[in-house]
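J.: Keeping the supplied structure of chain A fixed, place chain B upon it in accordance with the hints.
Protein chains: 2
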Amino acid sequence: MLQRMLSEIRIAGFGGQGVILAASVIGKAAAIFEGGFATMTQSFGPEARGGSSSAQVILSSDPILYPYVARPEILVVMSQEAYARFAPQLKPGGILITEQELVRVDQVPENIRVFGVPATRLAEELRRKVVLNIVMVGFFGAVTKLLDRESLCKAVEDSVPPAMQKLNRAAFDKGFAYGTGLVNRGEAEPVEALEAV
Amino acid sequence: MLQRMLSEIRIAGFGGQGVILAASVIGKAAAIFEGGFATMTQSFGPEARGGSSSAQVILSSDPILYPYVARPEILVVMSQEAYARFAPQLKPGGILITEQELVRVDQVPENIRVFGVPATRLAEELRRKVVLNIVMVGFFGAVTKLLDRESLCKAVEDSVPPAMQKLNRAAFDKGFAYGTGLVNRGEAEPVEALEAV
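If you read the protein sequences in the order shown, they are chains A and B. Mapped onto the numbering used here, the consecutive letters of the first sequence carry residue numbers 83 to 279. Mapped onto the numbering used here, the consecutive letters of the second sequence carry residue numbers 83 to 279.
Bound-form chain A, shown alone (with noise of 0.2 angstroms):
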């Protein structure tokens, strides 16, 4: 159950990674199996016809009046350019989860957590690299720990076609537990403060 709480989390990357279909399971996660409320936004303009995919996800205890993500607590990339856009915008004691193979952190700002999972590799393991943007949910809920993982599997199982489901959830474990042994080997990479942007 959710807390009284408010998150703001982006996810970006390249279009074709399903950064949508991401956002989207996390706010049904939160909302409809969690009992929360939540929003997701997306943006169609410019750096979507270049190829790039956004969203905002906000996950509230209340009813939300105002969903509009100006900094984002919770930054999940997975490419250079959406790091490049938007880490800057982090807000600090941020956390900051890649696409690790995808994305180089160079400068990041301060008391920001980082996070990094290969998820692309995790997804060709399971033979079909399209649910890498599963692989970086089940990755999302095992170092944010801001929902339950019972939760966001349902939401993964009831956002895909029933055909897609096993394969959803193989991805969504794989994720989950690369970031269990993460955090349990206490490699959340406090990275150290550099130039705060």
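Hints were generated in silico from the structure; no laboratory data involved. These numbers come from a predicted model, not from an experiment. Each hint should be verified, as a subset may be incorrect.
Copies of one chain are not kept apart here, so a pair can be met inside one copy or by any two copies together.
In silico SDA-like links for lysine to any residue, alpha-carbon gap of 25 angstroms or less [claimed, not checked]:
1. K236 x G133
2. K227 x S89
3. K236 x A130
4. K227 x A130
5. K236 x G132
6. K211 x I146
7. K236 x E192
8. K173 x L228
9. K211 x K236
10. K236 x G98
11. K211 x P243
12. K248 x P200
13. K211 x P244
T.: Just chain B, lined up with the frame of chain A:
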């Protein structure tokens, strides 16, 4: 091409009617195929658990700083519940578009133009009730004249799997033709002001 403009649209109905896809098609048409900007915001909350679905779309010729639709100018409703909930928020001078066999319009705010389409029945003529949302998009295109027909068609085709393009294009054409017929016959139903809500 979009003239300098800002349009606020809400689309609402039952879960399963394809509300989110319809909203996304309209956003894409404006931003990707007409060079404008668009955002689509989807809410997950108690109403989603109860089986209703709604999305907000903002179309703009300029970047959108504040994507929250408080008072839509255009409301597209596919269920009585959605009508009851959102019609009171419609701006004076706005447009109300209904699935006319699912929505009984009793009381509308002042100065609202109402256009109804039997979208479910038109979709059933194609033997796929599931495309009623794209019939609504076609109808929306014809009666609002907000976006080019060609942009909307491209956005429809871009938003569905290749095997479904022909069906969805046919659904779009049916809705568009029905809307054009209404407009040409001057049946825009400029509803007399009843009790303002």
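J.: Please go over all the hints and tell whether each is borne out by the structure.
T.: Against the structure, the hints come out as follows:
no. : hint        : in the structure
1   : K236 x G133 : between (30 angstroms within a copy, 17 angstroms between copies)
2   : K227 x S89  : within (12 angstroms within a copy, 38 angstroms between copies)
3   : K236 x A130 : between (29 angstroms within a copy, 15 angstroms between copies)
4   : K227 x A130 : between (30 angstroms within a copy, 24 angstroms between copies)
5   : K236 x G132 : between (33 angstroms within a copy, 17 angstroms between copies)
6   : K211 x I146 : neither (34 angstroms within a copy, 33 angstroms between copies)
7   : K236 x E192 : neither (35 angstroms within a copy, 44 angstroms between copies)
8   : K173 x L228 : within (17 angstroms within a copy, 38 angstroms between copies)
9   : K211 x K236 : within (21 angstroms within a copy, 27 angstroms between copies)
10  : K236 x G98  : both (23 angstroms within a copy, 18 angstroms between copies)
11  : K211 x P243 : both (17 angstroms within a copy, 18 angstroms between copies)
12  : K248 x P200 : within (21 angstroms within a copy, 38 angstroms between copies)
13  : K211 x P244 : both (19 angstroms within a copy, 20 angstroms between copies)
Violated hints for the displayed structure, listed by number in ascending order: 6 and 7.
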